[in-house]
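Visitor: Sequence:
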Amino acid sequence: MFGPNGNLLTANGDGVNDDPTQPSEIVEFTRTGRFVRQFNVDAAEGGAFGIGIASVSNLVRFAFVNDNAVDLTVTDR
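Numbering (this note's numbering), first residue to last: 368 to 444.
What the hints contain is simulated information worked out from the structure, not anything from laboratory work.
Keep in mind that this is a model prediction, so the values were computed, not measured.
Idealized CB from N, CA, C, for every residue including glycine.
A few of these clues could be false.
As the list claims (entries may be wrong) - Per label pair, the in silico range of CB-to-CB distance:
1. Val-423 with Thr-377: 19 to 25 Å
2. Pro-371 with Phe-402: 24 to 30 Å
3. Thr-377 with Val-441: 17 to 23 Å
4. Ala-430 with Phe-402: 18 to 24 Å
5. Gly-373 with Phe-406: 32 to 38 Å
Input sequences plus hints: build the corresponding full structure.
Guide: See the structure below:
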C-alpha cells in the first residue's frame, strides 16, 4: 500500500526465496523504487502478512499483522 508520503509499503513474509537474516519484514520504497528502510516483524518466515494506514487527527496510525503470532500491532506516528 502507499503511505501518506507516497512511498510504497509492503509486507514480505519471505515464503519464496527466503533470506534467513530477514525472514519477515515490512519494507518501504520510494515511488521511483529507491529502498528507504525495513523492520522485522517476526524471527520466523511468514510473519509479515498485512498492513494498514489511517490518518487520525494529526497522527498517522500504522498497523501490521504478525501471522505467526496471530497478533496485530498498531502504532501512531
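Visitor: Taking the hints in turn, state whether each one holds.
Guide: The hints, checked one at a time:
Under the hint 19 to 25 Å, the C-beta atoms of Val-423 and Thr-377, about 22 Å apart, fit the expected range. Range check, Pro-371 to Phe-402: about 19 Å between beta-carbon atoms, so the 24 to 30 Å window is missed. Checking the proposed 17 to 23 Å range against Thr-377 and Val-441 shows it holds: the Cβ atoms sit about 18 Å from each other. The given range of 18 to 24 Å is respected by Ala-430 and Phe-402, whose C-beta atoms sit roughly 22 Å from each other.
Separated by about 19 Å at the C-beta atoms, Gly-373 and Phe-406 break the suggested range of 32 to 38 Å.
Violated hints for the displayed structure, listed by number in ascending order: 2, 5.
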